[in-house]
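Single-letter residue listing:
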Amino acid sequence: MRIGALVLKRKSWEPAAFASPSLALIAIVIVFPLAYSFWLSFRNFDLAVGPDSEFVGVANYVEALVKDTRFLNSIWNTAIIIGPSLVLELLVGLGIALLLTRIGRGRPIITALLAIPAMVSPVMAAMTWRMMFGVKYGAINNLGRQLGVIDVYFDWFSSPLISIVAIVMVEVWHNTAFMTLVLLAGLQSIPQELYDAGKADGADGWRSFWYITLPLLKFTMVVGLMIRLIDLTKLFGLIFVLTFGGPGGATETVAFSTYLAGFNDFRMSYAAALSYVIVGGVLILTLVFMWIQRYREMRAA
Amino acid sequence: MAIALDLPRAKSRSARVLRVRRGVGVALTWATLIAALIFFLGPFFWIVTTSVKGNEDYFAYPPVWLPADASLKHYAGLFTRSSGARYFTNSLVVSTLSMLAALLVSLPTAYSIARWRFGGGFLSLVLLVLRMLPAIALIIPLYIMYKQLGLTNSYLGLVIVYTVLYVPFAVWLLVGFLRDFPVEIEEAALIDGCSRLRALVSVVVPIIAPGLAVVALFSFIATWNEFLFAIVLTGIETKTMMVLVTSFTSGGTDMFYGEASASVVLGVLPAFVVAFVLQRYLVKGLALGGTKG
Chain A
1 MRIGALVLKR KSWEPAAFAS PSLALIAIVI VFPLAYSFWL SFRNFDLAVG
51 PDSEFVGVAN YVEALVKDTR FLNSIWNTAI IIGPSLVLEL LVGLGIALLL
101 TRIGRGRPII TALLAIPAMV SPVMAAMTWR MMFGVKYGAI NNLGRQLGVI
151 DVYFDWFSSP LISIVAIVMV EVWHNTAFMT LVLLAGLQSI PQELYDAGKA
201 DGADGWRSFW YITLPLLKFT MVVGLMIRLI DLTKLFGLIF VLTFGGPGGA
251 TETVAFSTYL AGFNDFRMSY AAALSYVIVG GVLILTLVFM WIQRYREMRA
301 A
Chain B
1001 MAIALDLPRA KSRSARVLRV RRGVGVALTW ATLIAALIFF LGPFFWIVTT
1051 SVKGNEDYFA YPPVWLPADA SLKHYAGLFT RSSGARYFTN SLVVSTLSML
1101 AALLVSLPTA YSIARWRFGG GFLSLVLLVL RMLPAIALII PLYIMYKQLG
1151 LTNSYLGLVI VYTVLYVPFA VWLLVGFLRD FPVEIEEAAL IDGCSRLRAL
1201 VSVVVPIIAP GLAVVALFSF IATWNEFLFA IVLTGIETKT MMVLVTSFTS
1251 GGTDMFYGEA SASVVLGVLP AFVVAFVLQR YLVKGLALGG TKG
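These protein sequence lines map, in sequence, to chains A and B.
Count the first sequence with this note's numbering and you get residues 1 to 301, in order.
Count the second sequence with this note's numbering and you get residues 1001 to 1293, in order.
Treat the hints with care, since some could be wrong.
Claimed, not checked - Anything over 12 Å on all C-beta distances counts as not near chain B; from chain A, calculated:
1) 51
2) 55
3) 86
4) 112
5) 183
6) 210
7) 214
8) 231
9) 240
10) 271
11) 296
12) 297
To be verified - Label-pair distances were calculated between CB atoms; the ranges are:
13) B/1149 - A/266: 48 to 56 Å
14) A/199 - B/1070: 24 to 32 Å
15) B/1023 - A/299: 29 to 37 Å
16) B/1023 - A/165: 19 to 27 Å
17) B/1185 - A/296: 44 to 52 Å
18) B/1092 - A/165: 43 to 51 Å
19) B/1149 - A/154: 42 to 50 Å
20) B/1148 - A/66: 53 to 61 Å
Treat the hints as calculated values from the structure; they're not laboratory data.
Note that the structure is predicted; figures quoted are calculated from it, not measured.
Each residue gets a CB set at the ideal place from its N, CA and C atoms; glycine is no exception.
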């Protein structure tokens, strides 16, 4: 790319003027509200009580992290949804990506078909599955009965454990395609010569996968997992439709319980504090993840 | 002599074994891929057939997988009884307006970064922060602000949020397209006396139109799919399809299947279009949150 003299010569106000509309919008709609919310989190603003509020220091944060068992439980719930989802999405995504590299004709169309669930909104994904899980008219109970696997109309959301399993399954259905696409791109960027050289050295099948593919794919996997981890901490729409946090709050995630604090109980200040706890948590997770990565690389080197 | 005769036969046998093994491998690959397709697309197939079933089919046992007399009466019911027409229109209007506004705002910014390297590092920072920021952290202060400004339950309020949320991603994609654009064509226009803005609008835009279309489609689907801001900031007149769908869940696990499934089918339609049209850009789009809003 060549940048001509004329393009570089410019009126000095132009770059800032061209960028100003979006900068102004970001300042007003994102930066200011976040600052306002941070200020709010140290007060006791409650829409159910009235428009007045006063400074309460870190009381909201103390309540969130010490007293509020509902929120603390939601952290645990989020964690036990995230863990299995990440593992399954990585394994299934890698499996499908590897299979896709082995077919020639038809790869683009099959990739596009497999990608469709990831383009659908979480609400629509959850609604589809909620209807599939339906007790009397759902596809799963009907198919199970027809095949003789189950003999009663089963309520899939009656116990906490099965509810979590169902959420993880829908989550895997919804977002494995992202992993597949990322890993497929990673696999395709590994030069074929490496495999040829490996073959000459007697490595084929599992060995070439273990010693060539995996090490070279590691960075792509880490990036993919990182993105999914951050997204999973925001899990909201899926829960809202699939279980609405039930049974008995067993599937409330952090985003969902913050939503309830703000828009069910109308404790705005408290919800603001909760949201900053989540932001802090995501930040810590990201840093820990990066730190582990760096540490392992250092040890490997 | 015997050895010399034997060798080629042994070789051809091992070649045959290899060929058979490869054939089995190909068959297994395809079998697994087809199983994956059934798992990932089966629910869509079921929801579409459910939406065209007659009411009596829901109660039938053995279950009706393929309705004999498919009809669109649930769609008609959705549009008349459940005000589906209004919410579908709301989704279309909000998504289209946000898409246009996002393009309008981000194109000059992208130009400024691509040509003059204006604050490129700042953009990546904003993009990263936005990607990590939970939407729930933004909705609480925005709701209070919107309440005071009277922006809740309005198209304008939703369009503003969606536009801003989408701008960093749009700018980032557009910078890429603009950097690929041959500067010489622009220089020619500038020499002919065009102003910078004029050159951007009448010379650059027509040529990078395909890139603009990619950004536009991603922005459309992101807005279409968004739920949290939609459910908090909309009222009875401005609900979107995502909010409408959740209203069917109030009937417990056995809800009214006909209209519920019809609304899901309409809600996922744009996703099908995008998955095929934007195939090359899906990784970028999904990685940067281009589809979730």
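Hint numbers contradicted by this structure: 1, 4, 5, 8, 9, 10, 13, 14, 15, 16, 18, 20
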